[in-house]
Structures are given as C-alpha cells and as structure tokens.
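*Asks:* Sequence:
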Amino acid sequence: MLKSKAFTRQTRQGRILKEVREHYLRDDIYCGAPFCDKGCDKSSARLSASPSTILVLDTNVVLNQIDLLENPAIDNVVVLSVVLAEVKNKDIAVYNRLRALCSNSLRNFFVFSNEYHKDTYVEAMAGESPNDRNDRVECYVKSLGQAELLDLIVQPPSEEVNMEDVEDLRPSKRKVIYNEHKPMSEITSGLLRGLFHQGKLRVNRFNPFEAYVGSESIGDEIIIYGRANMNRAFDGDIVAVELLPQEQWQEEKSLALADEDEEEDVHLAPNSADDAPRVLNQGQTASEEMKPSRPTGRVVGIIKRNWHSYCGSLEPMPMPGGNGGLAHALFVSKDRRIPKIRIQTRQLGNLLDKRIIVAVDSWDRLSRYPTGHYVRTIGEIGDRDTETEVVLIENDIDARPFSVQVLACLPPLPWSVSSQDLTNPIRQDLRHLRVCSVDPPGCRDIDDALHCMPLPNGNFEVGVHIADVTNFVHPGTPLDDEASQRGTSVYLVERRIDMLPKPLTEDICSLRADVERLAFSVIWEMTPDAEIISTRYTKSVIKSCAALSYVEAQARMDDSRLVDPITSDLRNLNGLAKIMRQRRIDRGALTLASAEVKFQIDTETHDPLDIGMYQIREANQMVEEFMLAANVAVAEKILKHFPLCSLLRRHPSPTKEMLEPLLRTAEAVGLSLDVTSSKALADSLDRAVGDDPYFNKLIRILTTRCMTQAVYFCSGDLSPPEYLHYGLASQLYTHFTSPIRRYADVIVHRLLAASLGIYKLPGVFQDRPKLTSISDNLNYRHRNAQMASRASVELHTLIFFRKRPTDAEARIVKIRSNGFIVFVPKYGIEGPVYLTSKGENAGEWLADEKQQRIRKVDGSVSYGVLGTVRIHMEVVEPQPNRPKLQLTLV
Numbered sequence: 001m002l003k004s005k006a007f008t009r010q011t012r013q014g015r016i017l018k019e020v021r022e023h024y025l026r027d028d029i030y031c032g033a034p035f036c037d038k039g040c041d042k043s044s045a046r047l048s049a050s051p052s053t054i055l056v057l058d059t060n061v062v063l064n065q066i067d068l069l070e071n072p073a074i075d076n077v078v079v080l081s082v083v084l085a086e087v088k089n090k091d092i093a094v095y096n097r098l099r100a101l102c103s104n105s106l107r108n109f110f111v112f113s114n115e116y117h118k119d120t121y122v123e124a125m126a127g128e129s130p131n132d133r134n135d136r137v138e139c140y141v142k143s144l145g146q147a148e149l150l151d152l153i154v155q156p157p158s159e160e161v162n163m164e165d166v167e168d169l170r171p172s173k174r175k176v177i178y179n180e181h182k183p184m185s186e187i188t189s190g191l192l193r194g195l196f197h198q199g200k201l202r203v204n205r206f207n208p209f210e211a212y213v214g215s216e217s218i219g220d221e222i223i224i225y226g227r228a229n230m231n232r233a234f235d236g237d238i239v240a241v242e243l244l245p246q247e248q249w250q251e252e253k254s255l256a257l258a259d260e261d262e263e264e265d266v267h268l269a270p271n272s273a274d275d276a277p278r279v280l281n282q283g284q285t286a287s288e289e290m291k292p293s294r295p296t297g298r299v300v301g302i303i304k305r306n307w308h309s310y311c312g313s314l315e316p317m318p319m320p321g322g323n324g325g326l327a328h329a330l331f332v333s334k335d336r337r338i339p340k341i342r343i344q345t346r347q348l349g350n351l352l353d354k355r356i357i358v359a360v361d362s363w364d365r366l367s368r369y370p371t372g373h374y375v376r377t378i379g380e381i382g383d384r385d386t387e388t389e390v391v392l393i394e395n396d397i398d399a400r401p402f403s404v405q406v407l408a409c410l411p412p413l414p415w416s417v418s419s420q421d422l423t424n425p426i427r428q429d430l431r432h433l434r435v436c437s438v439d440p441p442g443c444r445d446i447d448d449a450l451h452c453m454p455l456p457n458g459n460f461e462v463g464v465h466i467a468d469v470t471n472f473v474h475p476g477t478p479l480d481d482e483a484s485q486r487g488t489s490v491y492l493v494e495r496r497i498d499m500l501p502k503p504l505t506e507d508i509c510s511l512r513a514d515v516e517r518l519a520f521s522v523i524w525e526m527t528p529d530a531e532i533i534s535t536r537y538t539k540s541v542i543k544s545c546a547a548l549s550y551v552e553a554q555a556r557m558d559d560s561r562l563v564d565p566i567t568s569d570l571r572n573l574n575g576l577a578k579i580m581r582q583r584r585i586d587r588g589a590l591t592l593a594s595a596e597v598k599f600q601i602d603t604e605t606h607d608p609l610d611i612g613m614y615q616i617r618e619a620n621q622m623v624e625e626f627m628l629a630a631n632v633a634v635a636e637k638i639l640k641h642f643p644l645c646s647l648l649r650r651h652p653s654p655t656k657e658m659l660e661p662l663l664r665t666a667e668a669v670g671l672s673l674d675v676t677s678s679k680a681l682a683d684s685l686d687r688a689v690g691d692d693p694y695f696n697k698l699i700r701i702l703t704t705r706c707m708t709q710a711v712y713f714c715s716g717d718l719s720p721p722e723y724l725h726y727g728l729a730s731q732l733y734t735h736f737t738s739p740i741r742r743y744a745d746v747i748v749h750r751l752l753a754a755s756l757g758i759y760k761l762p763g764v765f766q767d768r769p770k771l772t773s774i775s776d777n778l779n780y781r782h783r784n785a786q787m788a789s790r791a792s793v794e795l796h797t798l799i800f801f802r803k804r805p806t807d808a809e810a811r812i813v814k815i816r817s818n819g820f821i822v823f824v825p826k827y828g829i830e831g832p833v834y835l836t837s838k839g840e841n842a843g844e845w846l847a848d849e850k851q852q853r854i855r856k857v858d859g860s861v862s863y864g865v866l867g868t869v870r871i872h873m874e875v876v877e878p879q880p881n882r883p884k885l886q887l888t889l890v
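Counting along the sequence shown from 1, when you hit position 473 you're at 473 in full-length UniProt numbering, and nothing is skipped either side.
Honestly, I wouldn't trust all of these hints.
Unchecked claim - Derived PhoX-like pairs: lysine-lysine, alpha-carbon spacing no greater than 25 Å straight-line:
#1 Lys598 x Lys697
#2 Lys856 x Lys598
#3 Lys90 x Lys304
#4 Lys182 x Lys90
#5 Lys850 x Lys814
#6 Lys697 x Lys814
#7 Lys760 x Lys770
The hints are simulated quantities; they were obtained by calculation from the structure and are not laboratory data.
Whenever a hint applies, use it, and build me the whole structure from the sequences.
*Replies:* Quick look at the structure:
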C-alpha cells in the first residue's frame, strides 16, 4: 500500500515549498509476540509466549522513566520505531540505554516498525498529556505488587513560581530560596550584548560553596561564591553568569576552606547578589581595599544541564511510622561537590546502610535541595568492591563483561602466527631481530617492544614494534564498536578494566617473550648522536626474546659485569634516548612532575600493604623517549597523506591567567619564572633549585597543575598552528604506541596502514562530524579514566590509613584565610589543614596575599607557601558514611 505525506517548509530564502513524500505500508511486519496469528515470520520472536501484559511505550515514558525500564521487573515491552527515533533526537544518552535494552538477549524488548505497517500507521499522533501518561505509569507499576519499583518513578517537576506571585504568599507558605532562571531568549540576548558570560561551572573539591566558570568572553575565570549565587547549578553545567559590581569581587586566596560537616550556606534569594561575603586583605579597611584581580559573579540561567546518576548514601534518620512506609530522605553524594538530594522511598530500612544510586529530576527554586529518585542499590557501605563500583559509576566507566557478539569477533584460541601471515607481502619477517619489551612489573598487556642493532657503517638500526591490534579489530564490527565506545582501558589500584577482551590484550596481541606475534613497526637508521637518517614503516612478525620490568632493565644497565647482547642493546638504546631527551628539552619540552602513587597490594585480600610515590628510572625515560619519537614520526606520515582526517593530539598553550597562581607562588618564595614560551619556562624550572632537594619537584608539580589538558582532534577541524603540543614542544603529535589500551591508537594504525597502501581507508574517515564526535568521546573517556584512577588511589589511601594513623612531613601549596592546602610527598596525598575549628573566630589569623603567608595577629606563628609543616593523618567520619583522611598540624 502506498501513502503520501504532504507538508510545507520554508527555505533559507523565505520561500514556502510544498513537499510530498511517498510512504510504503506493509501487512507482514512482525510485532514480536509468538502467539500472534497474523501469519508473520516468528523466527525473531522476543516476547514471552504467554505474557499477562505487553507494554507499548511512548516517548515521554522512555525519556522520563528509563531507570524504571532498566529494572528486570519490567518485561515484555514493544518499542515503536517512531518512539525510538524521537528519543534519539531528544536525548542520545537515553537512546543508547534503550538500544542496549532492545539488543540484550536476556530482556524481552522488541522494536516494532509501526510506521510501515498498514494497521498501525497514523497520520498524526494525538492523545493524552505527558502527565496523564506518567500517572498511568504509576498505576501500572503499583499493579505489579513490588513497592520498591515505585521508588524508580520520576516525579514531574513542580511548576516554577513567578516572582510577582511571591509577594502574595502568606508567611506560612514556602519561601523563595533561589532567583528565577532567565529564559533562554533573555540569556541569548544578554550573551550577545556582553551582559552575561557563558561557561562550564566547576565546583571546588575542597569547598563545595565555591565554584569557577571559565569565560572566553572576558578571558578569565569568574568566581561564584555561595550556593545562592550558584543558583541551583551543578558541577559541569553550562551556565550563564552575570558579573557582580566590581567592589564585590574577591581574591581566590581570600576564600576559606569549608569544613566537611559545614551546613549548606543557602539563604533567601537576594534581589541581587550583594549579600555575597567580602573578605579584606591583611591590614585593609573597606576604603583601602586593593582592586582584586578575579571577577566574581552569580548564575542567572542554565544553558545545558549536566545531571546524571550519583552514588552515595542516605542521611541517617529514624524510621517513619505509618504513611504506607513512604519516607522522605536526604541523599548525600560521595562527591562532595554535589548538593544533597531529596528523595521519597518505601524501602528506607533496607537503604540506610547501603551505597545507592540516585538520579536528579528537578530543582524547584522554593526548595533548598534538588528532588530526585532512587535508581538501584550498589552494596554495603565500606565494602571495597562496593566502593570500587562507586568509582566506576561516578566516572561513567563501562565495566560490564563483553557481549557474546563482541567475543564472537575474536579468533579461536589457541592462536598462533600462520604461514599465511609469514608469506603475506604486506608483512615483513623480523623474527631474527633481538627484540625486547620493558614495562611495569607484572604487565600482561604488552603493546610495545624495542630493538637496537649496530650497523656496519657505525650507525644503529632502532625499531619500535607495536602490537598489530587492527589485524583483529576490523571497522564496523561489534568488537570495534565496543572499543570505540569504551575509548581506553582503565587502570585502578587493584584491577584493570580492558578496552578489548582479555584473549586479545593478554594473549593474541600481547608481545610476550618467546612467542611470535604480529606488529606494526617504525624503524629508523640513527647515527650515534641520535640523528635520524631514514624512517620506514612496516607491518611485521616479531619474536620478543625478553619481557623485562623497568627494575630489571635498570639493573641490567647498571651492572657493569653484564655484557650479554640484550644488556648491550639496552645500554645503546639508553644512550640514544638520553641524547634525544636532551634535544627535546633544548627545543623547549617541559620536564614536569606528577604526584603518582604506587601501592603494594596483598595478593589474597587485595588490601594495600604499603603506599609511596612512584619512582621514575632511566629505563622508564628510555622507553618513553622512543615511544614519543614513534608517535611524532607517525603523526608526520599520516598528516602528509590525510591532511583533513588525521587523528592528532594537541596540548594548548596555557593562558597567562592559568599560570598566575604559579607565578604568585614563585614570587612569594623569591623565584622568578619566565613563562613567555615553553622553552623559557623549561629553563626557569631548571634554575628553580634550592637547599631543599624536593623543592624543584614541588615547583614542577605545581606547574603541571597550571597546564591545559592534552586532547585528541581531527586535523581538518583546526589550522596547523593549533596542532602544537606545548608540553612536548612538538609541532605534530599523535598516539600510535598503545592500541591494546587506547582506541585513538587503533584509528591511527588504520590511517598509517592506508597511507602505506596496505588497506583502504574506512568510510568513517570521510565523515568529518563523525570523526569529531569520535575525538570528543576519546577525550571524555580519557579524562574519566584518569579521574577513576585517582579516585581508586583515594579509596585505597583511606583503606590503608584507616588502621594506620601516622605523622608525616608536608609542604604548603596554597594559602587560604582559615588554613592552607598541603602536599605530602611521601604518600602523594593532598588535602586541607584548618587553623581554626568550626565556629572559631578566624580573625586571629591574617592572610598576606602578596607574600603568600598566613600568621597569627600577635605574630607568634607564621606559615608560608612551599614551607614545611609536620602533620598527623587519620581517617575520620565527620558526616555519616563519608569518611575522609583528616590532616591536622602536629
């Protein structure tokens, strides 16, 4: 049957066009029910043979009740194709969750193409209101007889109260706590006229009442102080900000550290933000106050929400009586930057000692807290597995087992190099080379190896050999799609969450010792002065003769009694690497430092036995140098062949504002840093030495924190000057050397293979928006993996110190009006130290902004930035179920 759809549209030139589209209808499209008697092909049946109810969802239910739909109690569901399409247009995250349900063989969800069946095709959609449909959802869930399912239902938000109605409210009525958000039309106009400024809100992890909005329009960060001025914005929201009058601007270091158990500072919403606290600098009166350098503002509207599900627990409370067991409770997120969330629950007794997930539904300006709903229980509070799952959920890490479809893409085990691989003209046989790998101890996913062979002319042949992952991960397959979504492997203290299934990461692709493996190789001829004479790229077969740890490789190089071939190769590689490293530094590459921590873990209990700063050896730097060189060489090769669709990695130069905290700290300790270029900064850091051997490393750590994040990008999206990698002082850079654990490297392998004529470039490389989307996802996943790793370190730090309170030496890295933030070198720990207890008058302490010092009014005690203090570290729980490592002065 043929139907015609006619509609009008307006062109850019303003002309009205009538368009007619033909719509073909069929009568043999299957509905998914095995008992259907229409004679359709039932081979794809997904619904139960005899269900009591079949649910047909509309778009509103899917968008608002996806948490409920994911519960296994909801079964035998038909998803209309028009609903699927509409959800995709409105919320891609919900769409992906719905698609996952529909493709899950364990769930009875069936997609029905209703728009193409003659009995279900309709000219126009009509019916009940969204709220009516939500009411029917609640009625249906009640009929299932499982009270806990009612907790999953999203409650419609209450209507916003107009400001003109507030004056008519009687004193007994609820008070307006927050200012009304501006409508988008007013926000857009204000942004264009420069009245408002747009940016992402970032809440201070040491003080949830203090936030920052990076604004391109004024080229600086705007301080937002107090929950009233944040005006219901969450960390990560894109907001519109209005600047306060300049006399209300504040210096960042004048702001205080917030106590863990401090009450939320929400008061009645001011008509303007002139009730924001003002802090004077040392020795100033209001009339003498120096002109502060940091703009201060308030949020006037939310442009894009960053709400998602949050992990935490309920505030302890007595069990309610009556009311059918329905209780109102406050949820406290593990992430201190998130405000408490008000929920209703019928299972309070079961949840008080659990970590749970809660989603935010709305935030009325009459309410001190946002409103949300219970999603699911994770496990017992304090259990290590539970707390680790919290880390994964909070950072959106997919730790689910790989699906049957993904595993079906793997070659059968045991796998070995075949005769076809050895005779393949695209692949060079390099099994005769003395190849070895150098990795962290216990590494099983080995994706890089090296060789160094002296040549008759006195030069060296040096090779970097990378696991040929793309030989097994083909474009468009479920395995490739999964790797693309995961983006990267995630390394926690006690476990690894793989981007690819273990048969690939630990066996088939891993360049283990004494087995033949497929590789993608970059091979140079180098002079003894590490000058590159030639470069070639080839697919290869290698056989590693040694898989060494950094400690083993270093021990070999340091032991003068060892003169075996592998040790000689390592020494030659190390000699070349030192020259290459110095050459990079001379070009302006920064040698920065991080507070990376290493745990010794009990193999049986998985509890931490010891903790300390990660030690970098020459062997680490040797491997790093050749990986950097391979990445640069590959970046040059792929960009030459594919100037518009290469995946590269850039590190934007830090702005003057970003470096300002570093410069102030340096000035306070009598240090002059030149930040006009990466070369000038690198030279300044080399000169930043003192009597204290740790001083230079601390300055480098502080410098690292002023840097922007390095990011992936599509070469066609930016101009060549923007390709610069500031930290490496390299005009071009990419990631090629870790395809087992990074999807970016998989993409680059495909680009390199296509540039060599080995394979045809996949079609996705012709789709610029798709490439940009892939780059964005890679950046998102890479950052989340880093955050998860840090959160895992924090979790195990708590576990370690819970039974081991201890004293340690610490360095002051930031001064605040009621204390300072310290860094503990021995353990790589950072945290606040308070000089005043809660409720105590902070007036006895004066902070000197310029000198970066805080002292008692009577001058008896003084502390300065980068100064050394001794602290006591102990795990405390100032708020129930929110343990923290408390640092106090000894």
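*Asks:* Decide, hint by hint, whether the structure agrees.
*Replies:* Consistency of the hints with the structure:
1. Lys598 x Lys697: holds, 17 Å
2. Lys856 x Lys598: With a Cα-Cα distance of about 38 Å, the restraint between lysine 856 and lysine 598 is violated, given a limit of 25 Å.
3. Lys90 x Lys304: With Cα atoms ~13 Å apart, lysine 90 and lysine 304 stay inside 25 Å; holds.
4. Lys182 x Lys90: holds, 22 Å
5. Lys850 x Lys814: Status holds; Cα separation ~12 Å.
6. Lys697 x Lys814: holds, 16 Å
7. Lys760 x Lys770: holds, 18 Å
Comparing the model with each numbered hint stated earlier shows that hint 2 is the single one that does not hold.
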